[in-house]
Amino acid sequence: MTRAAIDQVGLDTGKQARLHDILYRNGLRNGTAIFLPYDQGLEHGPRDFFANPAASDPRYVLDLAVEGGFNGVVLQIGLAEKFFAEYAGEIPLVLKLNGKTDIPPDGEALSPLHASVEDAVRLGAHAVGYTLYVGTPAVESDFAQYRQVRADARRLGMPLIVWAYPRGSAIEAKGGKDSFYAVDYAARTASELGADVVKVNFPHPEKREHVKAEYDTGFSARQAIDAVVRSANRTMLLVSGGTRAGDEAMLEKARQSMEAGATGLIFGRNVWQREHDESLRFVERLRGILEKFPVPARSR
Amino acid sequence: MTRAAIDQVGLDTGKQARLHDILYRNGLRNGTAIFLPYDQGLEHGPRDFFANPAASDPRYVLDLAVEGGFNGVVLQIGLAEKFFAEYAGEIPLVLKLNGKTDIPPDGEALSPLHASVEDAVRLGAHAVGYTLYVGTPAVESDFAQYRQVRADARRLGMPLIVWAYPRGSAIEAKGGKDSFYAVDYAARTASELGADVVKVNFPHPEKREHVKAEYDTGFSARQAIDAVVRSANRTMLLVSGGTRAGDEAMLEKARQSMEAGATGLIFGRNVWQREHDESLRFVERLRGILEKFPVPARSR
Amino acid sequence: MTRAAIDQVGLDTGKQARLHDILYRNGLRNGTAIFLPYDQGLEHGPRDFFANPAASDPRYVLDLAVEGGFNGVVLQIGLAEKFFAEYAGEIPLVLKLNGKTDIPPDGEALSPLHASVEDAVRLGAHAVGYTLYVGTPAVESDFAQYRQVRADARRLGMPLIVWAYPRGSAIEAKGGKDSFYAVDYAARTASELGADVVKVNFPHPEKREHVKAEYDTGFSARQAIDAVVRSANRTMLLVSGGTRAGDEAMLEKARQSMEAGATGLIFGRNVWQREHDESLRFVERLRGILEKFPVPARSR
Amino acid sequence: MTRAAIDQVGLDTGKQARLHDILYRNGLRNGTAIFLPYDQGLEHGPRDFFANPAASDPRYVLDLAVEGGFNGVVLQIGLAEKFFAEYAGEIPLVLKLNGKTDIPPDGEALSPLHASVEDAVRLGAHAVGYTLYVGTPAVESDFAQYRQVRADARRLGMPLIVWAYPRGSAIEAKGGKDSFYAVDYAARTASELGADVVKVNFPHPEKREHVKAEYDTGFSARQAIDAVVRSANRTMLLVSGGTRAGDEAMLEKARQSMEAGATGLIFGRNVWQREHDESLRFVERLRGILEKFPVPARSR
Amino acid sequence: MTRAAIDQVGLDTGKQARLHDILYRNGLRNGTAIFLPYDQGLEHGPRDFFANPAASDPRYVLDLAVEGGFNGVVLQIGLAEKFFAEYAGEIPLVLKLNGKTDIPPDGEALSPLHASVEDAVRLGAHAVGYTLYVGTPAVESDFAQYRQVRADARRLGMPLIVWAYPRGSAIEAKGGKDSFYAVDYAARTASELGADVVKVNFPHPEKREHVKAEYDTGFSARQAIDAVVRSANRTMLLVSGGTRAGDEAMLEKARQSMEAGATGLIFGRNVWQREHDESLRFVERLRGILEKFPVPARSR
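Protein chains in written order, with my numbering: chain A, 1 to 300; chain B, 1 to 300; chain C, 1 to 300; chain D, 1 to 300; chain E, 1 to 300.
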């Protein structure tokens, strides 16, 4: 699928300006993007840093983001306020507006707000992030929070990146959060509800237990990611690295995603859970893939 | 039943202006209407597009709406913001203000708000849509949302179309969501609570298990739809196509509804879940029915 | 100069939708427009109706607007609320938001607000009108009013037509309100301050007394109107008929304006200050001019 | 005087981020700046374009800003909304929040607000501009407007550039708006009242008639600009080109300003009131000066 | 780990001013701190005063805070309003904004707000305290309260001290509230969510039952507190005394904490649950430890 230029997808001036900066004045400057998320200290706790204790220090990760040529770094409000000033202007900030710990069970998952779109503006961020738990029974609170975020993001010209995560007891009962069924539905939900960019996990068509009948057939991984990109239509798609896994498998997924029409990648633990130079080498391989999928900056 | 002219049903100037545009400057221009809803990607997920993958692309469906001579197209906020500008002025937009996925169970169904009447005004929409889950235990949140929507729609002269859907565990226990009992009650609820237009499913008088005694007798389908139109009184009534079914049965229901005094139809999956030209042929047959039920634009 | 399509001039979805309706679903439906203003009863008093007393009745003028195939009619809030419902949907309404009598002298001219953009939305209007007195010493109040109108119009997707009228003692001392200098400055001011459409009087390059040196040379009428259209850049330009004058001169000015790149005309007294059928014949001649300057509805 | 790094002057994260982008990711990327102001169509009228009619088209000037390697372009809200989307991300926007025509006399000069800091955020601007008429009798309205702008700019992390213009009858009576006395006082006023950047005209120490005694001595031009930079202290200083004048004199003033510690220049008419290639050659000479005054991006 | 100076950790002016006062004009005036919390009457009830009934009188404890050379005293709103005026200016007040009794079980622990940041300003407090129950199922309410407190503290320049307490059924099932796993996660959560100072219990690495695998290895106490300080990064860390325990063990924990990079201690019951002079002697020993870990007031 051909990726659309950012002036073709119904974006206001401010969102265009900030996305243009992310996509054409950072990273490979070719319209693709790779983001470095760094909110796992909240989402999973400091245990995620045990593989590489240096990564516990936000400066280590921010330096990595700059050195590695990332298009943006994702932080929660606390780290953004304490650390971003020193990197302001050197790399775009995506302020993650909600988040939660992984301590209570996920059956009725909800990710409470910690910051506002106005906080993001104040900090000079280039985009905001919101985790939407598609399928959670706590949907009323989740959608109410989201609605305000979406309206504020539109009012202030701030691109909205939705972490579209299938979650909750009903999802667990229908193929789980990584099934093709769940990921496809999550991508479409983000698009229908006005995300500018959507982050999804790579879909697993082989996870078919109790999914809707339409998904219970022999789709290939490539067919699945193709469908997910179509479901997202004009919402740009980022594929998440998730738990650190084998490099070759990760790179293959990244390649398939870009071929399917994704805009880019969002890789955290796969990057900073290894030694510094090894991180950079891995990022270089990811960039090598993105390099092959340039998107023109303007449609005319 | 004779349909009233729009200057006879207590509407303010702005609502009259917008409805006149929908009913007399679009579609057959004879006071009837056929709407194309396209929010199933959220309500049911992308699986609804598997029958005709082209329909996953909003542009395909918007083109169909223009080519088919529909009176309006129904979109959620995300697709409206990303796609409608290209069709603005060519077909009226009905902005659907609330919506939900079908992932969690429906026992306490609630459709959270995603957009405001002011969003609809800003996008140049001709009407707003709201799903009211008549009978749900989550009635407090549902009616609270609805109350605000109704008040805003009145303040801004925006016609309010209510998707009056019987839903929730108590409905399931009393004949189900398509029973004559449930549909009739839903139509009346919308009318009592100030809808300008109400969308209902075609009533099934044969679904009588555990319905109130008054409905537990031998009503015909025609008697049922007559009653539903009377229950709606000055609230214009649209009959929904629902899940794709046999064409002849659908056309017969459409004919009976118009004879009963309905203002029109709202058919989505029955239209775009087939191949393009076949869609247009089916729409042509629906228009052939509407053609026979003109309503004068002015009462004097 | 080539007129731009309405999807090329930086307009939001709602403004595009409403302008598309005015320009392509009314009048000649070719992207040009002719408006019928009817606020002279306030601006000049009933004396304007003495030439044709029938025109004192708003219905007479509204009927004329429909019969004559105008693209819109301009009313103050009082007449809009009392008369527009009967014409709603048949012709676009431009709600004039401010206005004043001509009783006090114009040295410190200010046109106070009488209605809001929200009133226009509520009445189903397609645009709002605001008189900006460019050059008036009362600029602080004028710009403060205008700023709120502009912001509301943007928020609600309502096209903003600015009556850009040079006025005040300083203007009188520098060539007067119809001088090329004054009209050119007024068109630019409207464009710089965010008008979507600007209404100007036809510029008089021969009025050179005390104008800025740059304008004190031998410009032709055609050169003047060309310059004014350029000064307005992406703000669509309407040329006003003003005081009723000789038909051939009026038609020549209309032709020159359209050749220069104007979007259309706004003619009131020249139309309704004559007998009914004569009015329609004159309008027909104006339409004959507009017919020759079609603008494509979409740039792609 | 040594220019301070932007992390040493008491700026919040967002202001640092946006200024870093302006100063180190645009133009010469060395901490100096040259801005292209384009609001003269409002401030003086279209006559400013007569020397080079192409400059009447905002696209011409925006293209020039990109080609010439400016650090930012200054627009009023109307042109920003209609034209900036096409350049978004390619050059920083400074949204000028207030402005006026030059038609009424300047004795009680006041520049009314036309847009808000929130508009600037929404459009993805990098800074806002406000004209403060230092010395005007209309000081109450002026300072009241300014106070709100300053507070909003702080709340939203938006750098505030103050056009510090001595103006009004009292200034005319004491040496005039370009006197060393007036410019020095204006620079200090901006600093005392919280400007992040101040734009001043080059001071004329020889304009001594009726100035305060302290200024009525034989200061050199260099002494004057040195003093003005000191008066501005941590408020970065931009020197304005003003009316187009002889190139060598302009370049000499630019050089003296940078030697004195100015951050950069803001040149409009001197640039675009000449033929295209000649404009670029003149800009190249200005850049040649700025090149010699780099400021490190971080203090540590 | 080297403690950062307060001008290096991303704090606004007001927070810097208040923290400088706490850290360099009170206590040892060397950048370390020891706080005296006195909200146990609410949190545990008067039973905490039975060991030393004199401590039931707030004046007794406030006198002790002054005599002992504490850097601040922590009070709930009621005691602050009734008693602090008499000590105002003699010792900094930390107003604890939320609190609860220990009567209901802690499975869904939530500490409701009793006062606002504005109350703290009004009382001349130097900081506010908030108890965040990390891991509680009542996370939605807890984070919503906290979010408002954080935003208000930022707006008003008030340092925010977070009592980061692991709590709730899920915590009890995974090692308990004092486990290294739980304390480490709590410190990080406070840092990610924008605490300026975080109060934690000393971590117990030997509590390993059902903790995440990463923590289920043989960490020493010193390794644990080192990790917790790193997890808190630029959020200053205070170690809590908790339930009164053996003095030598307490002092050893204090020493290890300071060596690890903590900013100070917060000791209540260990201090005032003994006889007056003995309290002072114990405090003197704590100060003897802090004396060895000075932090420079300015980084340059």
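Among these hints, one or two may not hold up.
Just so you know, same-sequence chains aren't split out, so a pair can sit in one copy or run between any two.
What the hints assert, rightly or not - PhoX-like, lysine-lysine: derived pairs with alpha carbons at most 20 Å apart:
no., residue 1, residue 2
1, Lys82, Lys292
2, Lys100, Lys212
3, Lys207, Lys292
4, Lys82, Lys174
5, Lys207, Lys100
6, Lys174, Lys212
7, Lys207, Lys174
8, Lys292, Lys100
9, Lys82, Lys207
10, Lys212, Lys82
11, Lys212, Lys292
12, Lys174, Lys292
13, Lys174, Lys100
No wet-lab data here; the hints were simulated from the structure.
Hint by hint, here is what the structure shows:
1. With identical chains, the CA atoms of Lys82 and Lys292 are never at most 20 Å apart, being 36 Å at best within one copy and 27 Å at best between copies.
2. Taking CA atoms no more than 20 Å apart as the test, Lys100 paired with Lys212 passes between copies only; the shortest distance there is 17 Å, against 29 Å inside one copy.
3. Proximity of Lys207 to Lys292 under the C-alpha cut-off of 20 Å is found in neither arrangement, the shortest distances being 30 Å within a copy and 51 Å between copies.
4. When the C-alpha separation of Lys82 and Lys174 is checked against a cutoff of 20 Å, the pair qualifies neither within a copy, at 41 Å, nor between copies, at 30 Å.
5. Proximity of Lys207 to Lys100 under the C-alpha cut-off of 20 Å is found in neither arrangement, the shortest distances being 26 Å within a copy and 24 Å between copies.
6. In the homo-oligomer, the alpha carbons of Lys174 and Lys212 lie at most 20 Å apart inside one protomer (8 Å), although the nearest pairing across protomers, at 27 Å, exceeds that limit.
7. In the homo-oligomer, the alpha carbons of Lys207 and Lys174 lie at most 20 Å apart inside one protomer (9 Å), although the nearest pairing across protomers, at 30 Å, exceeds that limit.
8. In the homo-oligomer, the alpha carbons of Lys292 and Lys100 never lie at most 20 Å apart, since the shortest distance is 36 Å inside one protomer and 38 Å across protomers.
9. Neither within a single protomer nor between protomers do Lys82 and Lys207 lie at most 20 Å apart by alpha-carbon distance, with minima of 41 Å and 32 Å respectively.
10. When the C-alpha separation of Lys212 and Lys82 is checked against a cutoff of 20 Å, the pair qualifies neither within a copy, at 46 Å, nor between copies, at 28 Å.
11. With identical chains, the CA atoms of Lys212 and Lys292 are never at most 20 Å apart, being 35 Å at best within one copy and 40 Å at best between copies.
12. Within a single copy, Lys174 and Lys292 get their C-alpha atoms no closer than 36 Å, and across copies no closer than 47 Å, so neither meets the 20 Å cut-off.
13. Taking the shortest alpha-carbon separations for Lys174 and Lys100, only the inter-copy value of 17 Å comes in at or below 20 Å, while the best intra-copy value is 24 Å.
Hints 1, 3, 4, 5, 8, 9, 10, 11, 12 from the list above are not met by this structure, while the remaining hints are.
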